[in-house]
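**Q** Note that the sequence shown covers residues -22 to -1, 1 to 545 in mature numbering (1 follows the signal peptide of the UniProt record, and there is no 0).
Take the hints with a grain of salt, since some may be wrong.
Stated by the list, open to error - Quick list of in silico lysine to any residue cross-link-like pairs, SDA-like style, CA-CA up to 20 angstroms:
id	residue 1	residue 2
1	K89	N27
2	K460	P388
3	K207	Y134
4	K89	N55
5	K10	D124
6	K540	G228
7	K20	K262
8	K247	D187
9	K460	P530
10	K29	T48
11	K247	T180
12	K494	S339
13	K377	P388
14	K146	N283
15	K377	D124
16	K378	P129
17	K262	G228
18	K89	F511
19	K146	F511
20	K326	F511
21	K379	F395
22	K494	H381
23	K525	F395
24	K262	E128
25	K465	G392
26	K247	W312
27	K93	Y134
28	K158	T366
Everything labelled a hint here was simulated from the structure, so no lab data went into it. None of these values were measured; they are calculated from a predicted model.
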Amino acid sequence: MFLKLLALCLFAFLIYAPIAEARIRHYKWEVKYEYKSPDCYKKLVITINGKSPGPTILAQEGDTVIVEVTNKLLLENLAIHWHGIRQIGTPWSDGTEGVTQCPVVPGDTFKYEFKVDRAGTYLYHAHYGMQRESGLYGSIRVSVPDNFTEPFAYDYDRSIILTDWYHKSTYEQATGLSNKPFVWVGEPQSLLIQGKGRFNCTSSSLTADTCNTSNPECSPYAITVIPGKTYRLRVASLTALSALSFQIEGHNMTVVEADGHYVEPFVVKNLFIYSGETYSVLIKADQDPSRNYWMTTNVVSRPPNTTQGLGFLNYYPNHPRRSPPTVPPTGPIWNDAAPRLAQSRAIKAHHDFIVTPPTTSDRVIVFLNTQNEINGYRRWSVNNVSFTLPHTPYLIALKKKLHHVFSQTPPPEGYDFVNYDIYVPKIPNATTTSNAIYRLGFNTTVDIILQNANTMTPNNSETHPWHLHGHDFWVLGYGEGKFDMNKDPKNYNLVNPIMKNTVPLHPYGWTALRFKADNPGAWLFHCHIEAHFYMGMGVVFEEGIDKVGELPSSIMGCGETKGFGKP
């Protein structure tokens, strides 16, 4: 009898063991507006199952994630992007309205299904209009396979997302951006650490019903640590506008991961982070355990008109709401670009995890980032072309050969390198709008040179975090001033460049990227500042569209896809 039972147990193990290697992670979400007070000011917030930030997606490398999203926003469409997930084989699940799908209309349920093919720290967020900054965002944490050892050790794993927060609705902001005369969104009212901030309710004539600092919803976010232990802190940014510095009072941070790739470790006191980026840092709880310590985040690269974000590093067994006995440390000087550029250059691939880039590229595209006006309307543009989305998503139009739904005129691959002065504001009406795309040869190697320039304000150049969907890219280098096509490529880092999906373009500088066009689909590449993308700062790449599988009917229903996929 014992041998029979043993045989049955062994048989069951052999049958079910492979299932454990690649699990299905199933989530059901209801997305709706609720009144919340994340910074003590009460306003409508988009929530997932009643929460903002939404639930963290936890998975292991190789797992399949299924998220069933029901749109209960009543009057508003919806799309959710899985930021950093490459969507290999599932380009229709990228969640980019206008590019890979039609939006999810109120009342409908949409199923996103994709494989998480690499461990690391990722994000999800709304990708419809400027909806992301209304609170629809969260973390994706993908753990390594069971038999894999990471190149660093820690005792506990924690995640935080940094965001900025506006009191005006996205509708009010978008109306101002689309207006003549132009009305800028202004600086955010607060900075949030994991959805919590503190607005000064006494700074304006607000009633206690509208703004109340005693509301527990806006009590400082606290991470509890055990003295002597080492923590992996996954820090991400999903700001609408702000570049940030993050710091923990009295603690150094060792950077070990960036956008899902292991970093040759280096130590920072201030972690500069741009919208769409993710980092893992190690911190050691080795300070005086009788007190708590400040976690702070500050705006950099823009005049600091936003109150710094505050949180607590809570040393157990102190109370998590016990305020530190010190004044919150101030962040670095907001307009000192040198340390920000130095950190960008310090990020290299870990010596045991180098993915060597191709030594040469098949194509070089230069993207000049400029601000301009078209018939009195303020726009952002790339190579003097301001991007607009068509009514029919690119992925469907390309696969179904609906060539008439977007412009077939190839967009420019550069600008007047010799005569253009990046330090002078642009002449009005030198820009056009277009929804044309860049067609890339499948499996070719492409270099992208991001070139910054002056805005329409004299002596002003802004920081732009650029995010590429569907790929990671090698960061070959950063530079100051105008990129020199003859000299600068000679200084590219081809030895140990980091791979990322989001990268900053520093003021009056350039950033050089290289990637393989090896993921069939239509992929957005855009500035991750909400207002900038809304105003035209983006492009779309097409590659290997003939290799894309049959499109699900669920992504259709808008533009010329109405009725597609229905009997």
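**Q** Within 20 angstroms, alpha carbon to alpha carbon, are K378 and P129?
**A** violated (46 angstroms)
**Q** Quickly compare the C-alpha distance for K207 and Y134 to 20 angstroms and report which way the hint goes.
**A** Roughly 8 angstroms separates the two Cα atoms, so the pair holds.
**Q** Holds or violated: K494 with H381, Cα cutoff 20 angstroms?
**A** Violated, at roughly 25 angstroms.
**Q** Are K89 and F511 close enough, with their CA atoms no more than 20 angstroms apart?
**A** Not OK: K89 and F511 at ~26 angstroms, beyond 20 angstroms, violated.
**Q** K247 and T180: Cα distance at most 20 angstroms?
**A** Given that 20 angstroms is the threshold and the Cα spacing comes to 32 angstroms, the pair is violated.
**Q** What's the verdict on K93 and Y134, does the C-alpha distance respect the 20 angstroms limit or exceed it?
**A** Not satisfied, since the Cα-Cα distance of roughly 25 angstroms exceeds 20 angstroms.
**Q** For a C-alpha distance cap of 20 angstroms, please report whether K326 and F511 respect it.
**A** violated (28 angstroms)
**Q** Taken at face value, is the distance from the CA of T366 to the CA of K158 at most 20 angstroms?
**A** It holds: about 18 angstroms lies between the C-alpha atoms, which stays within 20 angstroms.
**Q** Decide if the proposed pair is consistent with the structure: K89 and N27, CA atoms, cutoff 20 angstroms inclusive.
**A** holds (16 angstroms)
**Q** Does K465 pair with G392 here, judged by a C-alpha cut-off of 20 angstroms?
**A** holds (17 angstroms)
**Q** Has the given pair, K377 with D124, been kept, meaning a C-alpha gap of at most 20 angstroms?
**A** violated (39 angstroms)
**Q** Between the alpha carbons of K525 and F395, is the straight-line distance 20 angstroms or under?
**A** Violated - the C-alpha atoms of F395 and K525 are around 36 angstroms apart, more than 20 angstroms.
Violated hints, in rising order: 2, 5, 6, 7, 8, 9, 11, 15, 16, 18, 20, 21, 22, 23 and 27; the structure is consistent with all others.
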